[in-house]
Each structure stands twice: as structure tokens, then as C-alpha cells.
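Colleague: Chains A and B are the protein sequences, given in the same order.
Taking my numbering, I'd label the letters of the first sequence as residues 1 to 231.
Taking my numbering, I'd label the letters of the second sequence as residues 1 to 231.
None of these hints come from the bench; they were simulated from the model.
Take these hints with a grain of salt, some might be off.
Identical chains share a label here; the pair holds if one copy fits it or two copies do between them.
BS3-like cross-link-like pairs, simulated, lysine-lysine; straight-line CA separation at most 27 Å [as the list claims (entries may be wrong)]: (1) K215 x K136; (2) K221 x K136; (3) K121 x K18; (4) K124 x K136; (5) K82 x K206; (6) K136 x K95; (7) K182 x K129; (8) K18 x K183; (9) K79 x K206; (10) K79 x K207; (11) K182 x K97; (12) K207 x K190; (13) K121 x K207; (14) K207 x K136; (15) K95 x K183; (16) K183 x K79; (17) K97 x K79; (18) K129 x K25; (19) K121 x K136; (20) K183 x K215; (21) K190 x K97; (22) K190 x K95; (23) K97 x K183; (24) K124 x K206; (25) K182 x K95; (26) K221 x K206; (27) K206 x K97.
Protein chains: 2
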Amino acid sequence: MVSILVIGNGNVAFHLVKQFNAIDKIECTQISSRKIESLPSADVAIIAVSDDAIAEVSSQIDTNLVVHTSGGSHLNSLKNPKNKGVFYPLQSFSKSKEVDFSEIPICLEAESDSDYDLLEKIAKLISSKVYRIDSKQREIIHVSAVFANNFSNHMFSIADEICESNQIPFNILHPLINETVKKLSDLAPKEAQTGPAVRNDQETIKKHLLLLPDKYQLIYKRLTESIQNEH
Amino acid sequence: MVSILVIGNGNVAFHLVKQFNAIDKIECTQISSRKIESLPSADVAIIAVSDDAIAEVSSQIDTNLVVHTSGGSHLNSLKNPKNKGVFYPLQSFSKSKEVDFSEIPICLEAESDSDYDLLEKIAKLISSKVYRIDSKQREIIHVSAVFANNFSNHMFSIADEICESNQIPFNILHPLINETVKKLSDLAPKEAQTGPAVRNDQETIKKHLLLLPDKYQLIYKRLTESIQNEH
Numbered sequence: 001m002v003s004i005l006v007i008g009n010g011n012v013a014f015h016l017v018k019q020f021n022a023i024d025k026i027e028c029t030q031i032s033s034r035k036i037e038s039l040p041s042a043d044v045a046i047i048a049v050s051d052d053a054i055a056e057v058s059s060q061i062d063t064n065l066v067v068h069t070s071g072g073s074h075l076n077s078l079k080n081p082k083n084k085g086v087f088y089p090l091q092s093f094s095k096s097k098e099v100d101f102s103e104i105p106i107c108l109e110a111e112s113d114s115d116y117d118l119l120e121k122i123a124k125l126i127s128s129k130v131y132r133i134d135s136k137q138r139e140i141i142h143v144s145a146v147f148a149n150n151f152s153n154h155m156f157s158i159a160d161e162i163c164e165s166n167q168i169p170f171n172i173l174h175p176l177i178n179e180t181v182k183k184l185s186d187l188a189p190k191e192a193q194t195g196p197a198v199r200n201d202q203e204t205i206k207k208h209l210l211l212l213p214d215k216y217q218l219i220y221k222r223l224t225e226s227i228q229n230e231h
Numbered sequence: 001m002v003s004i005l006v007i008g009n010g011n012v013a014f015h016l017v018k019q020f021n022a023i024d025k026i027e028c029t030q031i032s033s034r035k036i037e038s039l040p041s042a043d044v045a046i047i048a049v050s051d052d053a054i055a056e057v058s059s060q061i062d063t064n065l066v067v068h069t070s071g072g073s074h075l076n077s078l079k080n081p082k083n084k085g086v087f088y089p090l091q092s093f094s095k096s097k098e099v100d101f102s103e104i105p106i107c108l109e110a111e112s113d114s115d116y117d118l119l120e121k122i123a124k125l126i127s128s129k130v131y132r133i134d135s136k137q138r139e140i141i142h143v144s145a146v147f148a149n150n151f152s153n154h155m156f157s158i159a160d161e162i163c164e165s166n167q168i169p170f171n172i173l174h175p176l177i178n179e180t181v182k183k184l185s186d187l188a189p190k191e192a193q194t195g196p197a198v199r200n201d202q203e204t205i206k207k208h209l210l211l212l213p214d215k216y217q218l219i220y221k222r223l224t225e226s227i228q229n230e231h
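Kindly produce the complete structure, drawing on both the sequences and the hints.
Modeller: This is how it looks when you write it as C-alpha cells:
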């Protein structure tokens with residue numbers, strides 16, 4: 001049996017607690033970050049709060065091992081007096097959406113092997129994808145995720161805006177988007193690149209620039225150049 | 001029974017012919033674009049050649065209805081003497097990859113209702129998603145598809161490059177990418193936007209810019225501004 005405190009009320013805390021509660025070998029207690037004066041004892045305290053609250057919240061916790069769940073924060077942003085670690089589930093959570101934890105990569109960091117082993121034991125109870133990732137690597141993953149998730153979503157958003165402002169339903173592009181992502185399981189994205197940029201099809205590029213609203217012309221040019229520099 | 005000639009040897013021709021041949025109500029003949037001197041008669045000739053060959057190839061065909069399959073070309077790029085149309089399957093094809101045509105949107109255009117009806121009859125035999133799309137709308141779809149497919153793929157490619165150059169396997173991001181796309185069936189991409197840009201998290205943005213190679217800093221800044229302008 002592993003005893004876990006989860007501190008926080010956000011999306012990550014919500015889904016972690018839900019998942020831990022479904023597992024017999026875990027005893028989990030959730031506590032609001034505003035009520036941590038008298039914490040019960042536990043093997044590990046997982047603080048799932050916003051990045052800028054990690055220092056303040058952790059400084060009040062004397063559980064033997066305290067970990068945060070943030071992709072964007074260094075291990076040393078923890079200010080608890082005892083051992084520190086990281087338990088970062090690499091996924092974008094929203095409360096209203098069911099989550100299949102078994103497919104979510106869990107990135108772990110600890111200062112000692114025994115702490116690492118404990119975190120690994122917990123992570124493997126909920127996911128088949130457990131990685132040892134240090135703070136430097138986690139920073140890299142975090143900025144990569146901005147491209148892979150936030151910026152790709154913005155590309156979908158621009159496509160949506162262009163379609164809808166011309167009375168074309170955006171969902172006409174869903175099968176194409178699904179295929180773009182499905183290809184990633186067979187091919188590196190660089191190898192899968194198609195379109196006028198990689199073909200250096202200047203005529204189509206010129207035509208597209210004329211069709212676009214001003215605000216998206218510069219993005220189109222920059223990304224076209226970037227694809228051409230890559231190939 | 002509908003008789004179809006498919007002119008061309010590329011990916012689109014390959015997959016169309018394969019699909020048509022699987023359907024009893026269609027009689028399909030494939031012909032290389034270099035051998036169109038003596039074409040058999042047919043209800044429609046579908047020319048699936050590169051955009052810049054459409055005019056030249058079509059000018060040699062006197063089938064009653066000639067259509068091209070290009071998202072990026074106007075109906076009037078056809079130079080055949082009789083009726084013109086468009087039969088554009090909105091998907092990115094590669095020969096080595098199986099295609100489920102029933103999920104591919106087929107965008108149709110014709111000059112007369114009877115031609116449209118014939119194209120619709122054919123399209124509905126292979127796909128459940130058939131749209132009437134004129135040349136102006138098809139141009140918009142084509143430029144939108146560059147964002148939704150080519151540019152989003154480039155975002156994955158940048159993420160891949162950043163990960164691999166730091167000894168992190170890119171597939172650690174696959175579940176996040178899958179989730180980004182799965183959300184599109186419930187939410188407009190603008191509503192689904194997450195990350196430091198939309199939160200206006202300046203500290204994280206600064207940290208990310210320091211981590212990035214020069215060539216990707218400008219793209220990061222531009223897309224961050226674009227997300228912030230959108231919200």
C-alpha cells in the first residue's frame with residue numbers, strides 16, 4: 001500500500017485523484033492548497049497547483065517526499081525542507097473530459113534512487129509509459145509541447161476561421177487532420193511533409209497569399225520559409 | 001453502370017482506380033497521360049495529373065465530361081472542348097498507405113445540374129461525405145488545408161527536432177498530439193487553445209525563447225502574438 005496526498009483542486013489534481021482512487025494499492029487523500037496546516041502523514045505529497053504557487057505551497061509541507069506535477073518548473077522550485085521530486089503527466093487535461101491514464105507518459109525525477117523507485121512504483125500503477133526525465137530535459141519537452149500542441153492547435157484555428165468566414169464547414173478538414181496525425185506512427189513528420197512549400201510551388205504560394213487576410217500572410221510566409229529551410 | 005476513365009499514374013489516380021474497381025456499378029479504365037491519343041468512350045474522364053499538366057492533358061480529351069481532381073486549380077484550367085467539372089478528394093494520399101474512402105470528403109463542381117448529378121452519383125458510391133463546392137470555395141479550402149495539414153505537420157517536425165537533439169524520443173509527445181486532435185470533435189480549436197500564449201504567461205514564454213535555437217525563436221514569437229490577438 002502506498003499513501004499519497006494530492007494537494008490542489010485543478011484539472012491535474014482532479015484526474016490524478018480520480019485515477020488513484022480506482023487503484024487498490026493506493027490510499028489517496030486530496031487536500032486544498034489553502035488547508036495544509038495539519039496534513040496527515042503519507043509516503044509522498046503530490047502538489048498539483050499553478051507553477052507560481054509551487055514554492056509557497058511546498059514550503060509548508062514536511063512530508064518526507066514532495067513532488068510537483070509541472071512540465072514548466074524545475075525540481076528546485078520546490079521549497080519543502082525534505083526530499084524533492086517531479087511527477088509530470090504529459091497531457092493537456094480538462095475536467096469535463098475523460099482521460100485514459102494508461103496512455104499518458106509520466107515523466108519522473110527524484111534526488112535519490114529510493115525516491116525514484118517509489119515514484120516509479122506509483123506511476124506504473126496508472127500508466128504503461130513511464131520515463132526518467134531530468135529538469136533540463138523536462139524544459140525541452142515543455143517547449144516542444146508548445147509546438148506539438150498549442151501551435152498546431154492554432155493552425156487548426158486559423159484554418160477554421162478562414163473556412164467559416166467563407167461559409168465552408170471546418171469539419172470538411174477533419175479527415176485530413178486525422179490523417180496528418182495518423183502518419184506520425186509510421187513516418188517522422190519531416191518525411192511526411194507535403195504541400196506547396198516543400199514542393200517549392202511558387203505559383204500556388206502566390207495564389208494563397210492573395211487569398212489570405214493580412215494578419216495571416218506573414219505566418220504563411222514564415223512557415224513556408226521554415227519548411228523550405230528544413231528540406 | 002457508370003463508365004469512368006482515369007487519366008494519370010500518381011497517388012490520386014492509383015487510389016481512385018483501386019476504389020472504383022471495387023465497385024460493381026462502376027466500369028473503370030486507367031490510362032497514362034502520355035497515351036491519350038485513342039481513348040475509349042466513357043461517361044466521364046477524371047484527369048488526376050499535376051496541376052500544371054491539367055490544361056495540356058485536358059485539351060486532348062473529347063469525352064463529354066472531363067473533370068480534374070485538384071484542390072488548387074480552377075474549373076477553367078480545363079481546356080477540353082466539351083463539359084468541365086471537378087472531382088476533388090480532400091485528403092493527402094501516398095501510394096504505400098491504405099485509404100478509407102468512405103471517410104474522405106469529395107468536393108464536386110460542374111457546369112450543369114445533369115453533370116453534377118452524375119458526379120454526385122459516382123462520389124456517393126465511394127464516400128459518405130460529398131460536398132458541392134465551387135472554384136472560389138475550393139481555393140479557400142486549399143489554403144486552409146495548408147494550415148490544417150502542412151503547417152501543423154511542420155509544428156510536429158519542429159517539436160521532433162527539438163526533442164531528438166536533446167535525446168528525448170519524439171513519441172513521448174504522441175499522446176498529447178492525439179488529444180489535441182481528438183478535442184476538435186467536441187470544441188472549436190479556438191475554444192480548445194491552451195498554453196503560455198493564451199494564458200499570457202510571460203515568464204514561461206521568456207524561458208522558452210531562451211531554450212530555442214535562433215531559427216525557431218521568431219516563429220515562436222509570431223505564433224504567440226497571433227494566439228494572443230485571437231483571444
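Colleague: Now tell me if each hint is right for this structure.
Modeller: Outcome of the hint check:
no.: 1; hint: K215 x K136; in the structure: between (35 Å within a copy, 20 Å between copies)
no.: 2; hint: K221 x K136; in the structure: between (32 Å within a copy, 22 Å between copies)
no.: 3; hint: K121 x K18; in the structure: within (18 Å within a copy, 50 Å between copies)
no.: 4; hint: K124 x K136; in the structure: within (23 Å within a copy, 53 Å between copies)
no.: 5; hint: K82 x K206; in the structure: neither (61 Å within a copy, 30 Å between copies)
no.: 6; hint: K136 x K95; in the structure: neither (29 Å within a copy, 41 Å between copies)
no.: 7; hint: K182 x K129; in the structure: both (20 Å within a copy, 20 Å between copies)
no.: 8; hint: K18 x K183; in the structure: between (33 Å within a copy, 21 Å between copies)
no.: 9; hint: K79 x K206; in the structure: between (55 Å within a copy, 23 Å between copies)
no.: 10; hint: K79 x K207; in the structure: between (56 Å within a copy, 20 Å between copies)
no.: 11; hint: K182 x K97; in the structure: both (22 Å within a copy, 11 Å between copies)
no.: 12; hint: K207 x K190; in the structure: both (25 Å within a copy, 26 Å between copies)
no.: 13; hint: K121 x K207; in the structure: neither (56 Å within a copy, 32 Å between copies)
no.: 14; hint: K207 x K136; in the structure: between (43 Å within a copy, 12 Å between copies)
no.: 15; hint: K95 x K183; in the structure: between (29 Å within a copy, 13 Å between copies)
no.: 16; hint: K183 x K79; in the structure: neither (43 Å within a copy, 36 Å between copies)
no.: 17; hint: K97 x K79; in the structure: neither (32 Å within a copy, 52 Å between copies)
no.: 18; hint: K129 x K25; in the structure: within (19 Å within a copy, 48 Å between copies)
no.: 19; hint: K121 x K136; in the structure: within (23 Å within a copy, 58 Å between copies)
no.: 20; hint: K183 x K215; in the structure: between (30 Å within a copy, 26 Å between copies)
no.: 21; hint: K190 x K97; in the structure: between (31 Å within a copy, 17 Å between copies)
no.: 22; hint: K190 x K95; in the structure: between (34 Å within a copy, 18 Å between copies)
no.: 23; hint: K97 x K183; in the structure: both (25 Å within a copy, 9 Å between copies)
no.: 24; hint: K124 x K206; in the structure: neither (52 Å within a copy, 34 Å between copies)
no.: 25; hint: K182 x K95; in the structure: both (26 Å within a copy, 15 Å between copies)
no.: 26; hint: K221 x K206; in the structure: both (10 Å within a copy, 24 Å between copies)
no.: 27; hint: K206 x K97; in the structure: neither (41 Å within a copy, 30 Å between copies)
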